[in-house]
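*Asks:* Here are the chains, one letter per residue:
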Amino acid sequence: MVNFVEAFKAGLNSAELAEKRKNEINSVFNDLNQQLADATNGKVFILRMDFREEIKNKRDLTLLSNFLMEPKYYSTIAAENKAVKNSARELARWAEDRAGYPCKITLDSATMYCEDKKGLENGLEKLLRDPVVGETLRKLQSLPLPEQVSMEATAD
Amino acid sequence: MRLSFVWWNTSLSPAGNDRATDKQRHVVCEMVDFILNRMQIDFLALGEMAERDAKAILKTCDLTGFDAEMDFPKVGRSRFDTCFLYRREKLVLLATHPIISKKGNRSLKIAQRADFMIEGYGKPLHIFISHWPSLLWCHENSADRHLLGVRLRDSIEDVSPEREELANVILMGDYNDEPFDASLAEQLMATRDRGLAINKPHLLYNPFWRHLCCPTLSSSDNTDEGSGGTYFHKSGEITRWRTFDQIIFSSAFLGHGNWQLNEELTGILDFEGYGAMIMDAKEVFDHFPVFGVIDEVNKDG
Chain S
1 MVNFVEAFKA GLNSAELAEK RKNEINSVFN DLNQQLADAT NGKVFILRMD
51 FREEIKNKRD LTLLSNFLME PKYYSTIAAE NKAVKNSARE LARWAEDRAG
101 YPCKITLDSA TMYCEDKKGL ENGLEKLLRD PVVGETLRKL QSLPLPEQVS
151 MEATAD
Chain V
1 MRLSFVWWNT SLSPAGNDRA TDKQRHVVCE MVDFILNRMQ IDFLALGEMA
51 ERDAKAILKT CDLTGFDAEM DFPKVGRSRF DTCFLYRREK LVLLATHPII
101 SKKGNRSLKI AQRADFMIEG YGKPLHIFIS HWPSLLWCHE NSADRHLLGV
151 RLRDSIEDVS PEREELANVI LMGDYNDEPF DASLAEQLMA TRDRGLAINK
201 PHLLYNPFWR HLCCPTLSSS DNTDEGSGGT YFHKSGEITR WRTFDQIIFS
251 SAFLGHGNWQ LNEELTGILD FEGYGAMIMD AKEVFDHFPV FGVIDEVNKD
301 G
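Protein sequence lines correspond, in order, to chains S and V. If you read the first sequence in the working numbering, its first letter stands for residue 1, the second for the next number, and so on. If you read the second sequence in the working numbering, its first letter stands for residue 1, the second for the next number, and so on.
Incorrect hints may appear among the rest.
To be verified - Cut-off 35 Å, straight-line C-alpha distance, at most; resulting in silico cross-link-like pairs (DSBU-like, lysine-lysine): (1) V:234 - V:282; (2) V:200 - S:72; (3) S:20 - V:234; (4) V:123 - S:72; (5) V:200 - S:43; (6) V:74 - S:118.
Claimed, not checked - Covered by chain S, per the in silico footprint, the following chain V stretches (three or more residues, Cβ under 8 Å): (7) 92 to 105; (8) 148 to 155.
Claimed, not checked - Using C-beta positions, here's what the derived DEER-type ranges look like: (9) V:51 - S:17: 41 to 47 Å; (10) V:192 - S:2: 28 to 34 Å; (11) V:295 - S:35: 53 to 59 Å; (12) S:141 - V:74: 23 to 29 Å; (13) S:9 - V:234: 25 to 31 Å.
Calculated from the structure, these hints are not laboratory results. Keep in mind that this is a model prediction, so the values were computed, not measured. Where a beta carbon is used, it is the ideal one built from N, C-alpha and C, also for glycine.
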């Protein structure tokens, strides 16, 4: 007979390990954001969020099929300017194993499997060094604050 | 239509470190020229290459009708040392994807994926080119050798949208592991059992199981010096020959699609005089090229 109790116990252990790894992954992102906050006066924040897949050829879709189609989402590492609403921009695709590691970062065309904490730190370091990511972060950092925008509008 | 593939570890610049003489580079250029223009090969992937070697090929060889992808993406302190040339009349390159695994402070180069469309066909062809670390840098019992196989398998499944059935995938390279090693046989699931691969399309078929030893029988005068693999290391204590260079096919090429593996035209390329160079310790060369062919299936029977 299958030993279900043993399997149950193994599942509990796996869940505990997965939770520990996910906390570790969160701590890497927290460290990253702490350092970025210091460097950008709290403007740039890195987050993991889902974006909706864009329909590439909208002309092929009837209104009905557009209505009926289930929206598809994909996970990303994104960045936002905390002071500006809806400013989040995708930096790279992101996937995380059910057990935490490996995490997969797809930056432009390159795929990086991050097998542990150090691997994830190195992967995120490579992400930040990318010229396109750098440009996105620079733009986010220099976005005008909402009150600046309204002041400029009044001055006109 | 027929599509032919060659993988060759040129031994010129291991891990991108330039070490070859101009004369040795000239030998490689002559062989590349022969492979592309005399043998009419459609896809040639090269290993242990660096920018200087690539420039020599671009300058010296007749590359009429070929396109070259000779970027060597940086990985940590190292670089990918693989590149490829392909016949543009038959193959349309869609994209290339370096795949790496970061573990601790190490970066493992899993493969370079090249996505092609074959002229006249709707389904893409994915080619994974690998040069895995040598046993010197990654011990035969290292967990990293398993990881290389696991992540290469993951990357293949990523391009295979249908569950339990792999896409049109061809893998080639110098794995520094042989067909029977766990990284390839177990983790990658590259089997010797063709019948099983036909019935279980999630398996890959590795025709290089058949090239593990000398193809000729022993002779009565015992003077045989034939090769017994693709890689020669003179100081080998149990064997001097290993089959590290392989071309592996998804089961899509075993009767599940428009293309069929031609196993008669799959094997080790032995050029006259080159075997002697491989066994000459003064030369840098230590790998034979390997080749594989797929043929279009005649739909009318």
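*Asks:* It remains to establish, for every hint, whether it holds in the given structure.
*Replies:* Status of the hints after comparison with the structure:
{"no.": "1", "hint": "V:234 - V:282", "in the structure": "holds (11 Å)"}
{"no.": "2", "hint": "V:200 - S:72", "in the structure": "holds (31 Å)"}
{"no.": "3", "hint": "S:20 - V:234", "in the structure": "violated (49 Å)"}
{"no.": "4", "hint": "V:123 - S:72", "in the structure": "holds (23 Å)"}
{"no.": "5", "hint": "V:200 - S:43", "in the structure": "violated (53 Å)"}
{"no.": "6", "hint": "V:74 - S:118", "in the structure": "holds (19 Å)"}
{"no.": "7", "hint": "92 to 105", "in the structure": "holds (count 11)"}
{"no.": "8", "hint": "148 to 155", "in the structure": "holds (count 3)"}
{"no.": "9", "hint": "V:51 - S:17: 41 to 47 Å", "in the structure": "holds (44 Å)"}
{"no.": "10", "hint": "V:192 - S:2: 28 to 34 Å", "in the structure": "holds (32 Å)"}
{"no.": "11", "hint": "V:295 - S:35: 53 to 59 Å", "in the structure": "holds (56 Å)"}
{"no.": "12", "hint": "S:141 - V:74: 23 to 29 Å", "in the structure": "holds (26 Å)"}
{"no.": "13", "hint": "S:9 - V:234: 25 to 31 Å", "in the structure": "violated (53 Å)"}
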